[in-house]
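Below are the chains, spelled out letter by letter.
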Amino acid sequence: MMNLSTTREGDGVRAARKRMQRHWRVTALSVLGAVAIGAIMLAGKTGPGRLQPIHAIAAVVALTIVFPLAIRWTDRTKDELARHNALRANSFGLHASLFAACCWMILFFGGLAPQPDLILLTLATAALTLARYAMLQRAG
Amino acid sequence: MKNRLKLLRAERDWSQLELGGRLGVSRQAVNAIETGKHDPSLPLAFRIARLFDLRIEEIFDDEPIHDA
Numbered sequence: 001m002m003n004l005s006t007t008r009e010g011d012g013v014r015a016a017r018k019r020m021q022r023h024w025r026v027t028a029l030s031v032l033g034a035v036a037i038g039a040i041m042l043a044g045k046t047g048p049g050r051l052q053p054i055h056a057i058a059a060v061v062a063l064t065i066v067f068p069l070a071i072r073w074t075d076r077t078k079d080e081l082a083r084h085n086a087l088r089a090n091s092f093g094l095h096a097s098l099f100a101a102c103c104w105m106i107l108f109f110g111g112l113a114p115q116p117d118l119i120l121l122t123l124a125t126a127a128l129t130l131a132r133y134a135m136l137q138r139a140g
Numbered sequence: 001m002k003n004r005l006k007l008l009r010a011e012r013d014w015s016q017l018e019l020g021g022r023l024g025v026s027r028q029a030v031n032a033i034e035t036g037k038h039d040p041s042l043p044l045a046f047r048i049a050r051l052f053d054l055r056i057e058e059i060f061d062d063e064p065i066h067d068a
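Chains as they are written, first to last, in this note's numbering: chain Y, 1 to 140; chain P, 1 to 68.
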């Protein structure tokens, strides 16, 4: 009788569980970081003068270092299917973002919508990309 | 791409999670390969072949899977 169950315990199962735990820990930390950055971007008053110039430069330098490290760190916990799905989700997010920005600009030029909001577009792109990635991973 | 992965796994009484752990990939990746939704990379195909002590072409067939 063939056993096609997905719960049998063995060396491979233990290794897989350890891998998944590491992946979810890193994913949770990354999502928390992204939510924190999003909240900081949207909180309080907006526009020029919200940050001291030196603080703004320090924040950009910190982000320049942290962002690629976080991407690399999360990438290392993914297998090839997850990396493939991440590429597909990123491509979907980019196309959705370009489409939304173009439509919003056209509506703005027609006097039908306020000026496009860069932060809103960025956060919406991130949310769409994450949702698409989750869908692809579930389908796998 | 057609393959015999599900059969080979069943012969060893391994779950998808067990095979994924031995190959260093997720259960979803094993499922996607078995159902032909994902073609493994060459390094992963070699790892699979080594694990089952077979040649790649004895596991994978380049004929596409057609949905009924």
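The hints are simulated quantities; they were obtained by calculation from the structure and are not laboratory data.
Hints are supplied without guarantee of correctness; some may be wrong.
What the hints assert, rightly or not - Covered by chain Y, per the in silico footprint, the following chain P stretches (three or more residues, Cβ under 8 angstroms): (1) 10-19; (2) 53-62.
Unchecked claim - Not close to chain Y: a few residues of chain P, all C-beta gaps over 12 angstroms, as computed: (3) Met1; (4) Asn3; (5) Arg22; (6) Ala29; (7) Arg50.
Unchecked claim - Facing chain Y, a subset of chain P residues (Cβ under 8 angstroms, in silico): (8) Lys2; (9) Gly24; (10) Val25; (11) Ser26; (12) Gln28; (13) Ala32.
C-beta atoms are modelled at their ideal positions from N, C-alpha and C, and glycine is treated no differently.
Now the hints, each set against the structure:
1. 10-19: holds (count 9)
2. 53-62: violated (count 0)
3. Met1: At roughly 14 angstroms from the nearest Cβ of chain Y, Met1 (chain P) sits farther out than 12 angstroms, so the non-interface label holds.
4. Asn3: The assertion about Asn3 (chain P) holds, with a minimum of 15 angstroms to chain Y.
5. Arg22: Answer for Arg22 (chain P): violated, closest chain Y Cβ roughly 4 angstroms.
6. Ala29: Ala29 (chain P) is in fact no farther than 12 angstroms from some Cβ atom of chain Y, at 4 angstroms.
7. Arg50: The assertion about Arg50 (chain P) holds, with a minimum of 14 angstroms to chain Y.
8. Lys2: violated (18 angstroms)
9. Gly24: holds (7 angstroms)
10. Val25: holds (4 angstroms)
11. Ser26: Holds: closest Cβ of chain Y sits about 5 angstroms from Ser26 (chain P), inside 8 angstroms.
12. Gln28: holds (4 angstroms)
13. Ala32: Result: holds, 4 angstroms to nearest chain Y Cβ.
The structure fails to meet hints 2, 5, 6 and 8 from the earlier list, while all remaining hints are met.
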